[in-house]
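There are 4 protein chains.
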Amino acid sequence: MAQIEMNALSVITCGSITVRIFLPGMDKLALDDSGHTKKYPVVWLLHDDGESSVQWLASPAERLSEKYGIFIICPEQHHALCTNMKYGPKYEDFLKDELPGIIKNNLPVSTDPKDQYIGGIGTGAYGALKMALKYPGHYKRAFAVNGILNMEEIFRRAVNGEELKIPHTKASLEAVFGDFNNFHGSENDLLTLAERDASQKKDRYLLILEESDPFRADNERFAALEKSARLQIIPDGSDCFSCQTSLPAALKWIFK
Amino acid sequence: MAQIEMNALSVITCGSITVRIFLPGMDKLALDDSGHTKKYPVVWLLHDDGESSVQWLASPAERLSEKYGIFIICPEQHHALCTNMKYGPKYEDFLKDELPGIIKNNLPVSTDPKDQYIGGIGTGAYGALKMALKYPGHYKRAFAVNGILNMEEIFRRAVNGEELKIPHTKASLEAVFGDFNNFHGSENDLLTLAERDASQKKDRYLLILEESDPFRADNERFAALEKSARLQIIPDGSDCFSCQTSLPAALKWIFK
Amino acid sequence: MAQIEMNALSVITCGSITVRIFLPGMDKLALDDSGHTKKYPVVWLLHDDGESSVQWLASPAERLSEKYGIFIICPEQHHALCTNMKYGPKYEDFLKDELPGIIKNNLPVSTDPKDQYIGGIGTGAYGALKMALKYPGHYKRAFAVNGILNMEEIFRRAVNGEELKIPHTKASLEAVFGDFNNFHGSENDLLTLAERDASQKKDRYLLILEESDPFRADNERFAALEKSARLQIIPDGSDCFSCQTSLPAALKWIFK
Amino acid sequence: MAQIEMNALSVITCGSITVRIFLPGMDKLALDDSGHTKKYPVVWLLHDDGESSVQWLASPAERLSEKYGIFIICPEQHHALCTNMKYGPKYEDFLKDELPGIIKNNLPVSTDPKDQYIGGIGTGAYGALKMALKYPGHYKRAFAVNGILNMEEIFRRAVNGEELKIPHTKASLEAVFGDFNNFHGSENDLLTLAERDASQKKDRYLLILEESDPFRADNERFAALEKSARLQIIPDGSDCFSCQTSLPAALKWIFK
Numbered sequence: 025m026a027q028i029e030m031n032a033l034s035v036i037t038c039g040s041i042t043v044r045i046f047l048p049g050m051d052k053l054a055l056d057d058s059g060h061t062k063k064y065p066v067v068w069l070l071h072d073d074g075e076s077s078v079q080w081l082a083s084p085a086e087r088l089s090e091k092y093g094i095f096i097i098c099p100e101q102h103h104a105l106c107t108n109m110k111y112g113p114k115y116e117d118f119l120k121d122e123l124p125g126i127i128k129n130n131l132p133v134s135t136d137p138k139d140q141y142i143g144g145i146g147t148g149a150y151g152a153l154k155m156a157l158k159y160p161g162h163y164k165r166a167f168a169v170n171g172i173l174n175m176e177e178i179f180r181r182a183v184n185g186e187e188l189k190i191p192h193t194k195a196s197l198e199a200v201f202g203d204f205n206n207f208h209g210s211e212n213d214l215l216t217l218a219e220r221d222a223s224q225k226k227d228r229y230l231l232i233l234e235e236s237d238p239f240r241a242d243n244e245r246f247a248a249l250e251k252s253a254r255l256q257i258i259p260d261g262s263d264c265f266s267c268q269t270s271l272p273a274a275l276k277w278i279f280k
Numbered sequence: 025m026a027q028i029e030m031n032a033l034s035v036i037t038c039g040s041i042t043v044r045i046f047l048p049g050m051d052k053l054a055l056d057d058s059g060h061t062k063k064y065p066v067v068w069l070l071h072d073d074g075e076s077s078v079q080w081l082a083s084p085a086e087r088l089s090e091k092y093g094i095f096i097i098c099p100e101q102h103h104a105l106c107t108n109m110k111y112g113p114k115y116e117d118f119l120k121d122e123l124p125g126i127i128k129n130n131l132p133v134s135t136d137p138k139d140q141y142i143g144g145i146g147t148g149a150y151g152a153l154k155m156a157l158k159y160p161g162h163y164k165r166a167f168a169v170n171g172i173l174n175m176e177e178i179f180r181r182a183v184n185g186e187e188l189k190i191p192h193t194k195a196s197l198e199a200v201f202g203d204f205n206n207f208h209g210s211e212n213d214l215l216t217l218a219e220r221d222a223s224q225k226k227d228r229y230l231l232i233l234e235e236s237d238p239f240r241a242d243n244e245r246f247a248a249l250e251k252s253a254r255l256q257i258i259p260d261g262s263d264c265f266s267c268q269t270s271l272p273a274a275l276k277w278i279f280k
Numbered sequence: 025m026a027q028i029e030m031n032a033l034s035v036i037t038c039g040s041i042t043v044r045i046f047l048p049g050m051d052k053l054a055l056d057d058s059g060h061t062k063k064y065p066v067v068w069l070l071h072d073d074g075e076s077s078v079q080w081l082a083s084p085a086e087r088l089s090e091k092y093g094i095f096i097i098c099p100e101q102h103h104a105l106c107t108n109m110k111y112g113p114k115y116e117d118f119l120k121d122e123l124p125g126i127i128k129n130n131l132p133v134s135t136d137p138k139d140q141y142i143g144g145i146g147t148g149a150y151g152a153l154k155m156a157l158k159y160p161g162h163y164k165r166a167f168a169v170n171g172i173l174n175m176e177e178i179f180r181r182a183v184n185g186e187e188l189k190i191p192h193t194k195a196s197l198e199a200v201f202g203d204f205n206n207f208h209g210s211e212n213d214l215l216t217l218a219e220r221d222a223s224q225k226k227d228r229y230l231l232i233l234e235e236s237d238p239f240r241a242d243n244e245r246f247a248a249l250e251k252s253a254r255l256q257i258i259p260d261g262s263d264c265f266s267c268q269t270s271l272p273a274a275l276k277w278i279f280k
Numbered sequence: 025m026a027q028i029e030m031n032a033l034s035v036i037t038c039g040s041i042t043v044r045i046f047l048p049g050m051d052k053l054a055l056d057d058s059g060h061t062k063k064y065p066v067v068w069l070l071h072d073d074g075e076s077s078v079q080w081l082a083s084p085a086e087r088l089s090e091k092y093g094i095f096i097i098c099p100e101q102h103h104a105l106c107t108n109m110k111y112g113p114k115y116e117d118f119l120k121d122e123l124p125g126i127i128k129n130n131l132p133v134s135t136d137p138k139d140q141y142i143g144g145i146g147t148g149a150y151g152a153l154k155m156a157l158k159y160p161g162h163y164k165r166a167f168a169v170n171g172i173l174n175m176e177e178i179f180r181r182a183v184n185g186e187e188l189k190i191p192h193t194k195a196s197l198e199a200v201f202g203d204f205n206n207f208h209g210s211e212n213d214l215l216t217l218a219e220r221d222a223s224q225k226k227d228r229y230l231l232i233l234e235e236s237d238p239f240r241a242d243n244e245r246f247a248a249l250e251k252s253a254r255l256q257i258i259p260d261g262s263d264c265f266s267c268q269t270s271l272p273a274a275l276k277w278i279f280k
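Chains as they are written, first to last, in my numbering: chain A, 25 to 280; chain B, 25 to 280; chain C, 25 to 280; chain D, 25 to 280.
With the rest of the complex left out, here is chain A (with noise of 0.2 angstroms):
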C-alpha cells in the first residue's frame, strides 16, 4: 500500500494543483514484469465542495487500490463544480485531458477506456455522474456517493436566498455556471443530460446512498430518468462519515 501526494503546475487551471494518489504495493505491481508493460485500471474520484483531497485520506481507498490492484486518484477542485467555470479555471477540460496526460506520462495507468472509472462524494458526484454521461467514450463505469445531483435546484435556493445545503453562494455558483436562467437544459444541467442519454448502457451508474441522505429523491429521480443506474442504499450511519460502506460497495460492483 502507497499513497503519493502530488504538487504541480496546470497549465489549463492556471496554476499549483494538488492530486493524492492511491496505489498498490509492490506486491501487487507486479515485480517480474521486467518491461514494465503492465498499465493499471484507474479510478478517478471527487472530493465533495468545501472537502479537499483530504477528505479522501480517511476513506479506505488506500487499502481499496491494494485489494483490486488499481491507481485511485484524487484531484483537488476547490469549487470548481468540474466545470469550466464561466469566471475561472476550466475544470472539466482539465479532468478530462490535462490531468490524465499528466498521470500517464508519470506513472503506469491505462488509458484505456475501458480501465477509466469515476466516482465522487456530494457534489463531486455529480460532477463524476456528468463526466461520465458528456463522455461517454472516456469511463466505463460511474459512481456517485451521497450525490447532490439536482445543482439547478440548489442554484434556485441561492438565487432565492434560501439555506443552501452546500458551502456556495449565488455568486460563487454563477462563477461556476453563469445565469441561473440558462442553467436548465444546459449541458450543466446533469438531471436533463441522464433523460437525454440515448445509449442507456446497462449497469453503468451507481448510486449509492445512506437511507436518511437529504438528497434522496434528487438520485430516484436520476436513477428513474437514467435506466442504466442502479440505487444502492446503505443503513444511515454505516459511512462512518468516511464511506467505509458505499467506497469498497461501489468499487466491488465496478471490478465484478
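Just so you know, not all the hints are guaranteed correct.
Said to hold, decoys possible - Simulated crosslink set (DSBU-like; lysine-lysine; CA at most 30 angstroms straight-line): (1) K63(B) - K62(C); (2) K194(B) - K110(A); (3) K194(D) - K110(C); (4) K128(D) - K91(A); (5) K194(D) - K194(C); (6) K91(D) - K128(A); (7) K63(A) - K91(D); (8) K226(D) - K62(D).
No wet-lab data here; the hints were simulated from the structure.
Model the placement of chains B, C and D on the given structure of chain A, informed by the hints.
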C-alpha cells in the same frame, strides 16, 4: 526550527484552507515562560499567483522565523488576488479577520497591531500592500518582493487580448474584480490607494526586487506615489528564484 | 475541524520529528476567550509499528477532536516501541517530557495531568499502557486498541527464530530492549508492570479489540493482572481497519 | 515542475517510508511519447543526519529537475547513516535494491546504471560516496555537499565522550556500526574504501563545500586518496544554508 501544515475549515471562503507556518524551535520559544503569556510577532506572507504555500518551503522562511523569534504564516489563496471576489470567496475578509482568529486561537501569536507585518511576492505583493494600505491599523509594516503592483495594466492587457505575465485570463480577472471599467480608482487599484494615502508614515513599505525585474517601473511608480515606501534593488539572480536575498533583507528591515 | 502536520527538531531523539495533530474548528475553540486562557484536554495517540502517524488520518480522530473539544496528538516513533532504546533514541523520555514541552509552547493545551489521556494501537497500545503504568501521575486514563501487550513473548519468538506478527527482528528488538534475558521483569515488561501496580485505581485502562484478535489472550491476561483495566470486545470487522468503532468507544469511555 | 511525497511500505526497513521526488513538468516529460517508452535519469539525494527529506524542499532540486529533465529522488533514512545497521534496518540494501524497485515500478525512470547518480549532504554525503564506492556498477557519478566523510573520527570522539558535530551518540553509532574497534578498515570506513579503490575512474566524484567548512580537511584527505575525486570550494555563505550554489554546480558537473 519547525514548520506546520494546517488544513482547516474556513467559513468565509466556504471550504478547506491550507496554511503553512514557520516557527522557532524550543530555544526561541521561551521555555521558562511557565504561564505561556509570551506572544510572538507575526509576518503574514502571501504567495504568487500560480503558486501555492509550497512556494515558501523553498525560501529561507523557516530559518528566519528561528533567527527573529517570530511566526511566519503563509495562507493559500489560489487565484483570489487577496480580494473579496466578485464571483468567489471573500479572501480579503478571510485574511483580515477569519485567519487571524483561527491562528490566535491555536498558536501563541501576538494580536497587537504593532506585531503584525505582511509581505508577498509577485501578485502576493500586490495583496500585501493592498492590505496594509486599506487597513493601516492592522499592520505595522509591509513589503513586496518582485511586486506586480499595477493590476489595472494587467487587467487592461487581458481585456485587449494581449499576453499577460501572470496566470490569469480576462474571465478570471473579472471573477476577482468585476468589470474592468470599474477597476480604475477602486479600492483594488493599488496605485490609487498609494496616491490617496494621507498618512504617509515614514518607512512603512519596502519594495525589493531584482535589477531587471520586468515590473520594476510599476514599483518605482508606487514608490513615487507613496512617500513611506522605500525601493531596494538587489542584483539579478541573487534571489536564486527563492527569496534567498530578498526575504532576509525584508525581515532585517522589519525588525531593525 | 482541523488537522496539523508539524515537523520540528527534537533534541532528545536527535532529529527531525513528525507529529500529526487533530483539533476542533473555530466553534469549539472558544472564540469569546479573549484572554486565550482556555486550555484543551489532550489525547496522545501512538501508531502501530510498521505504520506512521499517517495511520491516524484514516481514523475518525479529526471528527472526534471536534466532538469532544480536544486535541489529539499523534507523534511518530518508527521502531522505538515507546522505549528509551538501548541503541537508539530515548523515545520514552521524548514522549514524557520533550514532546509535551514542545506542544504546550505552541498550542493551547492543558498541562494538567487530569486532562492527559494516552492510547495506541497494536504495539502503540503497548507503549500507551506502559507510559500510563510507569508514570501514573502523568495520565488520567489510557486505552489500547488491538493491543500487542506481551512483548516478552514476541521477543522470545524472535530469539527462537519463530515468525513474528510485528515488523521486527531479533536485532531490532535488541536495539530497543537490550538482551532478551534481561527483559522479563524489567520496566519494559508490561505484564510485570501490571502485576506490580499497587494503585489499582478504578476504571483507568480500557482494552478494546475485535473478537478474533490474534493477541486477545494477552489482553485478557493484562486485564486479569490489572484490576483497573476493562476489556471491551467489538465485532470482527467493525473497526473497518481504521478504528471506526474502537476510537469513538475509547473516547466515549474517556470523557464519560 | 512538480513534486511528489510518497508514503509506502518497505519490507526491508520493516515500516513506512517517506520519499520526496522532484520531477519535470509536462513540457519536459515528452508528451509526444505515446508509447511511454522514454525513461528519465535519476539523481538519488540523501539528507543530512538530524534532518529529513524536508531538507530538500528548501533546495533548488525542483527547479533543477525541470532544467535537466530528470527525477531527483530523496528518501528518508533517520539515523541509519546509509548502512545495514547492526541493530536496525538494512538501509543500504533498501537504497540499493528495494527503493529502486519501488520507483521503477511506479515512475518512468531509467534503470540503466549510466543514468544513475547519487549525492548527499553532510552525513548523507558519506552515504552517497559509500554507495558509489561499494557499488561502482550501480552509479555513474557521485557527489558530496559539505561531506562528513571521516566517520571513524566521529565515532572515536563519541567513544571518548568528546563533543560530536552530528546528532549521534556512542550508543546510536554502535547501533549503526557495531563495536568501534571493528570500524577501521571495515566496509563502512569511507576513507579506507577510497584508498582501496583500484578503478580510479576519471572524474567520478565531486566534493563541493564552503571555504570554511569544519570538515574540509577530511574532504581533502578523501580527494588525496581517491584520484577520481575533484574538490570544488565555494565561497562561505554562498549556499544560503540550502545548496543554492552547490546543488546547481553538482548537477552541472553530472550532466556536462
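Hint by hint, here is what the structure shows:
Using a Cα cut-off of 30 angstroms, the hinted pair K63(B) and K62(C) holds, with the two alpha carbons roughly 15 angstroms apart. A distance of roughly 11 angstroms separates the Cα atoms of K194(B) and K110(A); the hinted pair therefore holds under the 30 angstroms criterion. As the CA atoms of K194(D) and K110(C) are separated by approximately 11 angstroms, the hinted pair is consistent with the 30 angstroms bound. Simply put, K128(D) and K91(A) have alpha-carbon atoms about 21 angstroms apart, close enough for the 30 angstroms limit, and the pair holds.
For the hint linking K194(D) to K194(C), the alpha-carbon distance of about 21 angstroms falls within 30 angstroms, and the restraint holds. Simply put, K91(D) and K128(A) have alpha-carbon atoms about 21 angstroms apart, close enough for the 30 angstroms limit, and the pair holds. A threshold of 30 angstroms between alpha carbons decides the hint, and for K63(A) with K91(D) the separation of about 28 angstroms falls inside it, so the pair holds. For a cut-off of 30 angstroms, the pair hint linking K226(D) to K62(D) stands: about 29 angstroms separates their Cα positions.
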